[in-house]
Amino acid sequence: MIAAREILFNIDPFSAVVLYLLMTLPAGFLAYGLARRVRRWRMGQPEDRSDNLAQRIIYALRMTVLHGRIVRPRNPYGSVMHICIFGGFSTLLVGTTIVMIESDIAVPLFGASFLQGGFYLGFKLAMNLGGLLLLAGIAMALYRRLVLKPATQESSADDLLILAWLAVLVVQGYTLQALRLALTHDPWGAWSFVSYPAALALRGIAAELLGRLHQIAWWSHGVVALALIGYTAYSKLVHPFTAFANVLLRRLKPRGELDAINNIDTAEVIGASNLEHFSWAQLMSVDACMHCGRCLEFCPTFNTGKALRPRDFILSLAGFQADQGGVFSGVLGEGANAGRFKHGRGADRELIGGVVSKHEIWDCTTCGACMEQCPVHIEHVPMIVNLRRNLVTEQNSFPPEAQPIFNSLERLGNPYQSVPMERAAWTKKMDAPVAEMKDVAAKGETVDYLFFVGCVGSFVSRNQKITIALARILQAAGLKFAILGKEESCTGDPARRMGHEFLAQQLAMKTIERMNHYNIRKVVTSCAHCFNAIKNEYPQLGGNYEVIHHSQLIEELINAKKISLGEGAALKQGKVTYHDPCYLGRYNQVFDEPRGILAKLPGADAVEMPRNRAHSFCCGGGGGQAFMKEQGAQRINVTRVKEAIATGAEVVATSCAFCMGMFEDGVGASDAAKKPRVLDLAELVAEALEQNP
Amino acid sequence: MKVALLLAAGFGLLLLSELGGVPALRIVAVALLLAGTIGGGVKSGLAAAPPALFKSLAARFTLAIARVIAVLLVLPVATALILVVGGAAVHGADSTAGTAAVMTGAVIALALLAILAAAVVVALRALRSAAEDPT
Ligand code: SF4
Ligand code: SF4
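Order-wise, the sequence lines are chains A and B. Going by this note's numbering, 1229 is the number at position 567 of the first sequence; the sequence numbering is gapless. Going by this note's numbering, 46 is the number at position 47 of the second sequence; the sequence numbering is gapless.
Hints are computed from structural coordinates only; laboratory data are not their basis. None of the hints are false.
Here are the simulated lysine to any residue pairs, SDA-like style, with alpha carbons at most 25 Å apart: (1) A:Lys898 to B:Leu45; (2) B:Lys1 to A:Tyr682; (3) B:Lys1 to A:Leu684; (4) B:Lys1 to A:Val679; (5) A:Lys898 to A:Leu804; (6) A:Lys898 to B:Leu123; (7) A:Lys898 to B:Val41; (8) A:Lys811 to B:Ala116; (9) A:Lys898 to B:Arg66; (10) B:Lys42 to A:Ala697; (11) B:Lys42 to A:Tyr682; (12) B:Lys42 to A:Leu683; (13) A:Lys898 to B:Arg127; (14) B:Lys42 to A:Glu938; (15) A:Lys898 to B:Ala117; (16) A:Lys1090 to A:Ala1138; (17) B:Lys42 to A:Gly706.
Just some of the chain B residues that point at chain A, by a computed CB distance under 7 Å: (18) Arg25; (19) Leu45; (20) Ala48; (21) Leu80; (22) Ala96.
In this text, a Cβ means the ideal position worked out from N, Cα and C, and glycines have one as well.
My request is simple: use the sequences and hints to build the entire structure.
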């Protein structure tokens, strides 16, 4: 006797007809809901995301189905929970599909049954295990939502309803199976190890009653399952579709690269003042948000109580999109979630002001912590900058502090209202002269590196010390380098991130023109923002260089024994903690080299802050914030300085011009009894420098 | 028109397969029906947005019946699980399957009942909070 079961046991043919008819309805609802979303996405601006298809598919499967971006060592609870829900649900879904293939294709068309014997027994076992796995995941999710309540998570009715719905489905499945096992006295029943003991308890009950109950339970299970499919497109359950699509069609460019506006002089609109000004991919991405709140975990604005919360920003756009004819993931009833995500407040609102406030738009430090965390690759920063672009260029609306910055950048090529002639003033403090490119070129010579000093390193007295330290290191290593001197101007980074795209492109083109004129190949910078702009954004405008950050170059020089280090004065004072600048670490994955330098500094006792590397907490200076007034009582740089002080470090090391200013300011504002010194890596190395013989 | 044709053909074939005893036609019937409903769904989804009034009525209607349905749909399994516990209490001692196995069944049924009850409470609370959410 071969192990097998009768499919559609105890179900009459007429019921089967009705079931098959009913089955097609949720498919229609699902298709309708997805199509409504696609209709909205198609209203966005064109953008090509069809390149590298094979690579995209493999990556998307790895990150979603195989949980590559979902599982995180620092959140084992959430990781296990999602694996349980996904694993359990997938097992039950695949199992149901196998039954359908057996009963609707294999047997009727080919007269062949495969759901029997050892495969059938394994199937029973897997289905019972799958149910348990799903129940465990649901229990963990409910416990987190209702008891643990992490600050980054808010539960909507939809979140809870889906979990309850899935739990009911599993219980129904087990019960239905117990009823069938009790009626059929299935000799292989024990393989269904959860429902079998219950079936044994049912055996003393009248078969007719059990038969009737089985039929009713079968219908209720079918209706609950089909209704869930129908509900999928209108709830957060849609995320397997939208999240997969978003990961598959994600932007493949470096995360630190903001897209330039091409042909800016003739562009009809600059930036976004309504949803249709975003690209179709951006419109799709807001629908992929599954409210997980991971983008909030390291967001400096959320963590210091400002208006901008990246999750709510995205969901406000999603809600607005739904109001304009799309579908909102995770709303039950008209107006639900309105308080948080502003869904249901009408399609006629202004995007800026009505949906997203100007405070939210200007709060962002563009640190990228949200994008780094988002499991489905939603990119908040390009959308926020797009809104800034529109505010600045089309509406002439920006914080008043930005006006003098824009004016100074426009007239003088730097944000400090300093005259370009003063750019190389720091060189006078050097023992050995520093060459300027114009003189090097006049002699027909070349250099190993162009040292792109940047505005902060050129004009701000505190940062000039870092510039001098780096120049000393380069000289000690015997490298041939030169600066642009008064020909240098701002890279355009602050202007671009503050939304002044015209100005950003103007400044960048001016610099590129000079660098190409001197046929520059290699560039070293000591500012993480200059580094990111020249490396990732200059190729858009014809500037292609090999760009290296000073932390990378210094580590190279130490490793190659081009410089040797003795015990520096600063390090004799105690522990040192390194702060990862967002534009160096998160945006360009330079994490190891700065730590490599600290490891090689004699006497350095390096300690890590709790938030480090890709999870670093912003200093608050990016996105033009270094020039603007911070909103709210809690300051970002002070928050970060507190974290640094808590490590017991006497020295906070960094490697970015803006971070230096923000830290110095934060240390000044801190009420700690013992305040750390803030030093750039170049200063630490220069202090420890022992000249090669 | 195409959608209606697909649905009609699918329905006809389904009757033939289930009531006429030609099970080989079942998959063709289901495929036609699915093509019809999915096609219809996509077509109307890509068309202009439905009037807001319809949307809001649909939402209200959904919420009202959702509560009733939520309770009705769990009653059959709840009854079956209560029967498991009752059956174990009445016949547990003299069951040929062994008292321990039957009692395990009762414990499992009680656990499933508890999960069901919790799920219904969570679902009803969720539906209520959705209905009460201030706009
Ligand atoms: S870029 Fe940084 S500040 Fe801006 S929303 Fe993301 S995490 Fe928050
Ligand atoms: S934007 Fe990404 S990280 Fe943030 S809530 Fe949505 S899915 Fe989660």
